[in-house]
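Turn these sequences into a full structure, and let the hints steer you where they fit.
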Amino acid sequence: MESKKAFEFLYKKSLDKGFDNLAKHIKKVGLLKITVSNKDFVSHLAKIIVGQQLSVQSAAAIWKRTKIILKKNKYKKINTNLNMSFKKAGLSRQKIEYLNGIIFNKDLQDISKKELKKMSPEEYYDFLIKIKGIGPWSIEMSRIFFVGDPDVFSILDLGLKNAHLKMFTIDSYNESFYRDFSPYRSYMCLYMWRVLEDENVTI
1 MESKKAFEFL YKKSLDKGFD NLAKHIKKVG LLKITVSNKD FVSHLAKIIV GQQLSVQSAA
61 AIWKRTKIIL KKNKYKKINT NLNMSFKKAG LSRQKIEYLN GIIFNKDLQD ISKKELKKMS
121 PEEYYDFLIK IKGIGPWSIE MSRIFFVGDP DVFSILDLGL KNAHLKMFTI DSYNESFYRD
181 FSPYRSYMCL YMWRVLEDEN VTI
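Start counting the sequence shown at 1; every next residue gets the next number (our numbering).
No wet-lab data here; the hints were simulated from the structure. Check each hint, because a few of them may be wrong.
Simulated crosslink set (EDC-like; lysine to aspartate or glutamate; CA at most 16 Å straight-line) [said to hold, decoys possible]:
hint : residue 1 : residue 2
1    : Lys28     : Glu197
2    : Lys5      : Glu197
3    : Lys130    : Asp151
4    : Lys13     : Glu197
5    : Lys113    : Asp40
6    : Lys132    : Glu97
7    : Lys87     : Glu97
8    : Lys117    : Asp151
9    : Lys28     : Glu8
10   : Lys106    : Asp151
11   : Lys33     : Asp151
12   : Lys24     : Glu197
13   : Lys74     : Asp40
14   : Lys27     : Asp16
15   : Lys33     : Asp149
The model shown is predicted, which means the values in this text are computed figures rather than measured ones.
Next up, the structure:
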């Protein structure tokens, strides 16, 4: 079971590195599981776009309204009425533009999860980074919560940075610090998010 292996590895690694507070935290939290999205890829990315730079509560409320609009439209074509519906749902003009770029992207519509899983991290990044509105953080979140990659650490995530500050010092927050936690860095993200008591991390 991957979550058990991740727990045991991260707990032991924390002790080996002298990170007693982290080891204590991991032991207290126990096993964590990556909740992989059962949405189609377009809807998954759309949810990420909607939630960018918003509180969890605001993102959830706007996504609830947006999801209904997407279900009714089911990616037919860009039109004024659709954009007006997005605006009424609470989306900014920029996010509406990004959303249109995603939901009407044929490459995103056609690709399967199986094909995405076969991609290397570099291939996955190159496939998505060219799409307006999709940046490194969005790519990393989708690798964790759509593909289920167990070894992603999102250094750009503000929550992870804040959690790190509670455990360690600011000058140690970098990719090399977390390299030793490979091949379970996605699980490390889950444990670090729990430092902030965010118990419902799903994207």
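Hint check results:
1. Lys28 / Glu197: holds, 12 Å
2. Lys5 / Glu197: It is violated: about 23 Å lies between the C-alpha atoms, which goes past 16 Å.
3. Lys130 / Asp151: violated, 23 Å
4. Lys13 / Glu197: The given pair, whose Cα atoms are some 22 Å apart, is violated under the 16 Å limit.
5. Lys113 / Asp40: Given pair Lys113, Asp40 holds - Cα atoms ~9 Å apart, limit 16 Å.
6. Lys132 / Glu97: Given pair Lys132, Glu97 holds - Cα atoms ~9 Å apart, limit 16 Å.
7. Lys87 / Glu97: Given pair Lys87, Glu97 holds - Cα atoms ~11 Å apart, limit 16 Å.
8. Lys117 / Asp151: Judged against 16 Å, a Cα distance of about 13 Å means the pair holds.
9. Lys28 / Glu8: Distance ~13 Å between Lys28 and Glu8 Cα, so the pair holds.
10. Lys106 / Asp151: violated, 28 Å
11. Lys33 / Asp151: holds, 13 Å
12. Lys24 / Glu197: holds, 15 Å
13. Lys74 / Asp40: holds, 12 Å
14. Lys27 / Asp16: holds, 14 Å
15. Lys33 / Asp149: holds, 12 Å
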